[in-house]
Amino acid sequence: MKIIDNDTLKKIQRLAIKTGLKLEGQAAGNRKSLSKGSSVEFSDFREYSAGDDFRRIDWNAYGRFDKLFVKLFMEEREAPVRIFLDTSLSMNYGEPEKIIAAKRLAAALTYISLNAYDRVYINPWNSRVHGTFGPYSTPSSFVKAVNALETIENRGKSNFSEALAKMEWKTGRGISIVITDGLVEDGLEEGLKYLKYMKQDIYLCHILSPQELEPELDGALELVDIETNDIIEVTASGELLDMYEKSLKRFLNNIKQQCKKFGIRYTLLRSDMALEEMVLKVAG
Amino acid sequence: MTFVTPLGLIGLIAVPLIIILYIMKQKREKFVVSSHILWQEVLRDMQAATPWQKLRKNLLLFLQLLCAVLIVLALSGFALKSGGHTSQPVIIVIDSSLSMSSTDIKPTRLDAAKKDAQKYAGELPQRTPVTVVNLNREPEVLLYGSDSVNEIRASIESIEQTKTYTDVRRAEELLLSLKNRQPEALIVLFSDMPLRVGNEQIRFSNYKKQNDNIAVVRFTHAFREDGITAMSILRNQGDSDSEVSLSLYGDGSFIDSQLVTVPKNGTRTVWWSNVPSSVKTLHCVIDTEDILEADNHAYDTVYGGKPVRVLLVTEGNYFLEKVFSVIEGIEFTRTLPDELTEYKGYDLYVLDGVVPGKLPGDGNIVVFNPAANDHFAVGGWMDTPVIGPSEHVIFKHLDNPGFSVGRTRIIEKPDWAETIIEYNGNPVIFEGLINSTRILVFGFNIYETDLPIRTEFPIIISNILSEYAPASGTRISGVVTGEPVRFMLQPGTIMANVITPDGRNIEIAPPVPPQPFVQTEEPGVYKILQDNSINVDESFFVVNLPDEIQMENVEHAVRETGGEEGTIIPFKENVKLFSLPLLCAALLILVLEWWCYANRRYA
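So the sequences go chain by chain: A and B. Okay, so the first sequence: first residue is 323 according to this note's numbering, each after it adds one. Okay, so the second sequence: first residue is 3 according to this note's numbering, each after it adds one.
Keep in mind the hints are simulated off the structure, nothing from the lab. Among the hints, a few may not be true.
Unchecked claim - Mimicking BS3-like on lysine-lysine, the simulated pairs with C-alpha atoms at most 25 Å apart in a straight line are: (1) A:K479 - B:K32; (2) A:K603 - A:K324; (3) B:K266 - A:K568.
Construct the entire structure; sequences and hints are all you get.
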């Protein structure tokens with residue numbers, strides 16, 4: 323299955339160039355960061371203050387303004403970017419399927435990261451992490467990344483914290499992008515907490531399908547869980563749907579609160595959104 | 003607790019049926035969702051909102067079952083016995099008179115009354131003393147104070163339909179007597195006519211559903227020069243005019259038919275002319291069906307042949323001469339005692355002041371103011387005897403049977419005689435039988451009474467003629483069903499039989515004179531056969547149904563002049579039926595079920 327066609331790729335390229343899309347993080351990478359530091363590329367001046375490296379004082383400016391200024395340079399960092407892609411069966415749900423939207427978003431974010439010379443890892447997971455694709459560190463490796471994404475299959479039920487706990491990876495600062503529907507056994511909180519512990523800057527891309535956000539049910543139904551095949555009998559009614567809506571709101575608010583608590587950038591996405599819109603919402 | 007129609011409980015099979023249907027209910031449509039995480043939360047929320055929600059899954063089933071049970075209970079007549087601990091004696095009175103055979107209530111009013119009475123008795127508290135009274139011309143107690151369910155049932159069941167009227171006066175007397183013996187007893191009347199018993203309360207179950215009945219209430223005939231003219235009187239008891247077809251039969255053969263309209267709550271007289279003189283019996287019938295078929299028939303007998311010959315032997319009695327001379331259908335002769343050489347050739351000898359030594363053998367004798375004779379001792383005079391009322395046949399049809407007598411002979415009652423009226427031990431009027439000749443004796447001279455100037459006088463003479471003229475001995479008229487008939491057989495009869503309308507041959511003589519004939523329960527033409535060893539004389543008499551309404555109304559009218567006023571209270575069953583509340587509850591539950599279904603959260 324082709325997840326990104328040429329047109330979409332061009333759109334993402336344009337987006338990345340025109341809007342200067344970038345992922346923020348602590349890890350230095352080969353791209354402009356908002357963090358100012360001691361790289362070779364000049365960025366700005368500011369007045370000297372006690373504690374500054376006096377080697378960075380611009381004496382020419384002192385001669386002209388009679389004030390001490392310090393040269394500021396764009397700090398360049400190498401940021402390992404890990405994309406945790408939820409590949410449980412629940413991601414196969416929706417019209418369009420959430421996993422399609424998730425893979426396309428993952429591809430787009432990979433592209434943006436590679437353009438910034440970041441190393442990109444892709445980790446598909448459900449109740450455990452099924453290997454690590456990457457690192458992809460050059461723009462030319464984007465095709466490999468896309469191919470890898472296309473080969474990933476959905477299976478099983480998800481458990482984020484358990485999957486991360488079993489994962490072996492190199493510690494250190496980095497950026498983690500979690501793409502999931504949040505319908506995870508035991509929730510996302512433990513897993514997010516663990517990532518935070520691993521000094522990750524976290525982006526949570528929460529994808530839900532329109533059928534989950536605004537379900538249209540009618541009559542007597544057996545609701546079959548796509549992951550477990552368990553059945554719940556319901557008879558659809560206005561009241562039932564009202565209750566579902568409230569439950570959904572609570573669910574989303576809960577995740578938002580957790581993200582806020584851990585300083586995680588949270589973005590709620592719909593699987594029927596255009597890719598550009600999704601990218602803008604996540605990295606814009 | 004009881005069930006009026008236990009058959010309705012069959013409906014309980016609906017309960018397992020509903021359960022089976024519930025089990026086999028339509029399969030739900032499968033709908034795949036990404037996860038149950040959100041839905042489980044929804045379910046938890048809903049259960050938290052309504053603690054009984056756990057039961058909700060089967061609530062519709064429970065409601066349906068409850069609804070079905072309630073409907074079944076209503077259909078089976080679920081009822082609670084009221085007053086279940088009292089054992090107040092009960093007098094169940096069931097009317098079996100003619101009108102109770104009406105079919106406005108199927109199959110008949112009496113059948114319905116018996117059924118209700120059985121049910122009522124069955125619902126009485128245990129050990130309730132029950133008395134059962136059968137109400138008709140001769141009210142009778144079938145069962146007294148029994149608490150045996152079987153006896154009560156059998157007693158009620160034994161009541162059969164009669165074709166007589168209800169003797170209201172006798173019924174009242176009987177019930178009052180029973181009430182005196184059981185003062186606390188409750189009288190429950192199953193009838194088509196309310197009955198008042200003193201000032202007692204009567205619980206009345208009415209079986210008169212409608213009154214659309216037309217009856218032949220009178221049927222008679224008269225001789226005319228051109229034949230016989232018959233007259234029928236029809237009465238319409240209904241509230242609308244009715245057109246009916248009326249037919250006349252003579253000796254079983256059709257004579258004529260008419261279409262007549264009888265006004266509502268009124269009567270219509272129908273005349274039939276040119277009826278052949280040769281017929282002996284007439285039958286008038288309403289061909290149009292109504293609720294009471296029995297009273298659509300009336301019968302009459304036509305007596306032809308030689309007229310009754312009456313001989314008056316007197317020195318001169320204006321009143322007797324006059325009264326006999328105006329009576330139609332008799333051949334009347336008057337003679338002086340000295341002119342008569344032999345007493346022979348007459349059906350009735352009326353002797354005024356004379357009694358022959360040898361009594362006539364071919365006719366009966368009526369004697370006024372008897373002279374001394376060989377047959378009974380006649381003495382002097384007794385002044386101003388009091389003539390009280392008598393039930394004797396010569397006083398029938400009299401409104402005021404008493405009359406004044408100036409003086410009467412002192413007569414020693416002979417062994418062969420029965421006193422009809424006596425005063426101070428002296429027979430004033432008596433009758434007897436000597437050698438099959440009947441003798442009626444009045445001890446007074448008719449001139450010394452006020453009888454001739456009273457309106458009752460011709461009636462008494464007519465009664466005497468009917469009773470004592472041998473030729474008319476079998477001329478019996480005005481017999482209604484259930485009434486006994488006394489036959490005056492022709493002298494010389496050694497054997498007599500009656501053939502009833504249903505073909506039974508009943509021997510009535512010997513003995514002579516015969517006992518009253520009581521098998522008159524069937525209306526119709528009865529044939530009398532009198533055998534005098536030389537030939538067999540054939541004659542007829544008819545029995546008609548009583549005009550029940552008129553007779554009962556007369557009785558009521560007489561009763562109401564007494565001033566006592568009982569209370570008729572509507573019949574109330576011993577049980578309280580819950581059919582209506584049960585059906586209402588079932589309806590409410592259906593609405594509730596609908597509401598639950600419409601507002602279901604999950605099922």
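To see whether the hints hold, each was checked on the structure:
1. At most 25 Å may separate the alpha-carbon atoms for a hinted pair to count; A:K479 and B:K32 meet this at roughly 20 Å.
2. Of the pairs offered as hints, the one joining A:K603 and A:K324 holds, with about 23 Å between alpha carbons and a cut-off of 25 Å not exceeded.
3. Restraint check for B:K266 and A:K568: the C-alpha separation of about 79 Å exceeds 25 Å, so the hint is violated.
Violated hint for the displayed structure: number 3, the only one.
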